[in-house]
Amino acid sequence: MSDYTVLLVDDEEDFTQALGERLELRDYGVRVAASGEECLERLESELPDVVVLDLRMPGLSGIEVLKRIKSEYPDLPVLLLTGYGSTEEGIKGMQLGAVEYLMKPLNIDELISKIHQAVGG
Amino acid sequence: MTLYDRFPLLLERFFERLFFLPQGFLSADRYVRLRRTMVVLMFLVTMVPLTIMLLINYHQYRKTLEQETVSQLTILENKTKHSFELFLRERLSAVKYIAHAYSTQELKDTSKFREIFFTMQETFSGFVDIGVIDPDGIQVSYVGPYNLEGKDYSETDPYREVRIKGSYISDVFMGYRGFPHLVIAVEKRMRAGRDMVLRASINIGTFNDIIASLGLGPEEDAFLLNTKGVLQTSSKFYGQVLDDFPIQLRSKAFQPTIMETTDPQGRDVLLSYVHFPKLEFVLVFVKLRSKIFHSWYALKGQMIVVFLVGLLVIAFIIFQLTGLMVRRIKQADEKREAAIQELEHSQKLSSIGQMAAGVAHEINNPLAIINEKTGLMLDLLQGKPDMAKREKFQELCKAILRSVERARGITYRLLGFARRLETHYEDLDVNEIIKDVLGFLEREAKDRNVAIRLELDPELEKISSDQGQLEQIFLNLLNNSLEAVKDGGEILIRSWKKKDGRTAISLADNGSGMGKEVMKHIFEPFYSTKKGKGTGLGLSITYGIVKNLGGDITVESQVGRGTTFTVSLPKKVMAEEGENDV
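Going line by line, the protein sequences match chains E and Y. With the working numbering, the residue at position 20 of the first sequence is 20, and numbering never jumps. Each number in the working numbering corresponds to the 1-based position in the second sequence with 1000 added.
Rather than coming from a laboratory, the hints here were simulated on the basis of the structure. Certain hints may be false.
Calculated pairs, BS3-like style, for lysine-lysine (alpha carbon to alpha carbon, straight line, at most 30 Å) [said to hold, decoys possible]:
1) Y:K1462 <-> Y:K1486
2) Y:K1079 <-> E:K92
3) Y:K1572 <-> E:K114
Listing some non-contacts, in silico: residues in chain Y with all C-beta distances to chain E over 12 Å [said to hold, decoys possible]:
4) P1049
5) M1053
6) S1154
7) K1165
8) I1210
9) L1271
10) A1315
11) K1373
12) L1401
13) T1411
14) S1512
Which residues of chain E face chain Y? A few of them, derived with a C-beta cut under 10 Å, are [unchecked claim]:
15) E12
16) D14
17) L19
18) L40
19) R42
20) E44
21) L106
22) N107
Using N, Cα and C, we set each Cβ at its ideal position, and we do this for glycine too.
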């Protein structure tokens, strides 16, 4: 189907592990980071096609990570995820350059369509 | 602190106690008591001085009037007494003069005696006759209309008295002459020792003349009594000459003395009497009290009328005023109470909202994990077409995913309650939105034979609001109404422009309605009357959205009659209102 690489950033490893495997089953390259710091580290060694970033994390917050990504890799598309239904944070993220903002729990088909939109557009 | 300093505080406390029941009493009692106390106090404050004034006036006037009457009476009495005295002393002097100026010989000479008598009669009115009585008591000489010469007077009072006192004025009596008269007798001393007595009788018509000249009114009477209480002149009230005067006078008094008494006819009378010095007469004046106090009674009547009118006016004003004041106080109290309740309500909603958001957030993460793990399982099953019981596992996974979906719906709604979704304002036709929403539920209504009637104002202005949120509001409310009515029921949807410029939409159902207790909680999250069904979030979310759009939602309901929800929306949302979160 596709050979896009996706970097999943979330502190919930159960979540990233399961989602990662599902994406792999659908032929996506999956990298996982358990925190904002790890995400930025990984980006230094390898740039994915899209970052799926949880807004709520201990340590560096999603918004902070987004800012850094946008300053260092302005062309890297970022999809935001949150279990928190905050419109403000979603809108803020999109103002900061995120492509889209999705709510947990996710619908995998919706995520994939957004990934394609983000990378293609 | 001195007592003087503390006085205002103590006074305030006193009034506080007096007017207000301690907190915790039924409020109705409080206001009844407050009003009662105010009425009583105001009444006392106004009526006590008025009453005291009335009583003082009443007694003062009465006293003044009485004093005036008494002094008038006293003056008149003294004057009249003098008239009587003068009259009698003049007559006595005249008789004495004749007794001393003429010799016995001259007095016994009939023609001379007649001449003397006529002169006397001309000079002094009232003399009827005159006679000379010898030491044996036989009238030896007489001039007058009766034939009394030779009559024996030795056993009569005048004769005996004059022998002792030298001169004598008798009481009024009938005597031989057959009409009331009195007798003046004077002793004429003779050198030989055989003293003669000169006696003259006087018609008491003159007395009546004196009394008539007083010009007494119909309620007044004046008359002469002797010391034995026998009338010496006719009385208007108490009989003719020589009748007994029915009232016992008090002590002998040579100055006019006032007696207040009741006469045998039962009339209250003011009686003034005076004794004559050296004479056995008493002059009596009688005034009926009703006459004296006539003007006082009139005044009393007027005062009572004024007092009663004043009383009525004061009572009316007090009742009106206290009623108004207590009503105002009650209204103010009720307003305050309502404001406090409103505040408590919104605080409650706000804290529940915060909690709901927290719960939603915490649940969404594990939900996401379940979702992904189950999704993964399904994915894996997909790749193993020959696995035993594969379809069973697939079915189980799908069931888990459906439950996750359901849970997600709940958390989204919770979050929707806690945090409004972004509001996108545009000019909207509320009637159109209602019709759109109706489209979603038309089928259910038809199936259940529920009639939905529309009374939409075609002139309704467009309002600036969020289409999605408005749809949500009406969908929720309509759903609610549909659940409330029985099959075959009716729902009436109306829209109109309110006087304050807002747009109002009401949904009325003829369902089972609800009680006050339910109505109080209807907009609270998780409050549901549909046991087991529904999340209890529908109306609280609706409430939140309406508030978010700067609107208002109210509910009216009667058990058994149905429920009406009314939403009112502003033409345009103020900037701050749009940002408001619950």
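Status of each hint after checking the structure:
no. : hint                : verdict
1   : Y:K1462 <-> Y:K1486 : 34 Å, violated
2   : Y:K1079 <-> E:K92   : 123 Å, violated
3   : Y:K1572 <-> E:K114  : 35 Å, violated
4   : P1049               : 72 Å, holds
5   : M1053               : 78 Å, holds
6   : S1154               : 149 Å, holds
7   : K1165               : 138 Å, holds
8   : I1210               : 123 Å, holds
9   : L1271               : 110 Å, holds
10  : A1315               : 67 Å, holds
11  : K1373               : 5 Å, violated
12  : L1401               : 9 Å, violated
13  : T1411               : 8 Å, violated
14  : S1512               : 35 Å, holds
15  : E12                 : 6 Å, holds
16  : D14                 : 5 Å, holds
17  : L19                 : 5 Å, holds
18  : L40                 : 23 Å, violated
19  : R42                 : 21 Å, violated
20  : E44                 : 27 Å, violated
21  : L106                : 7 Å, holds
22  : N107                : 9 Å, holds
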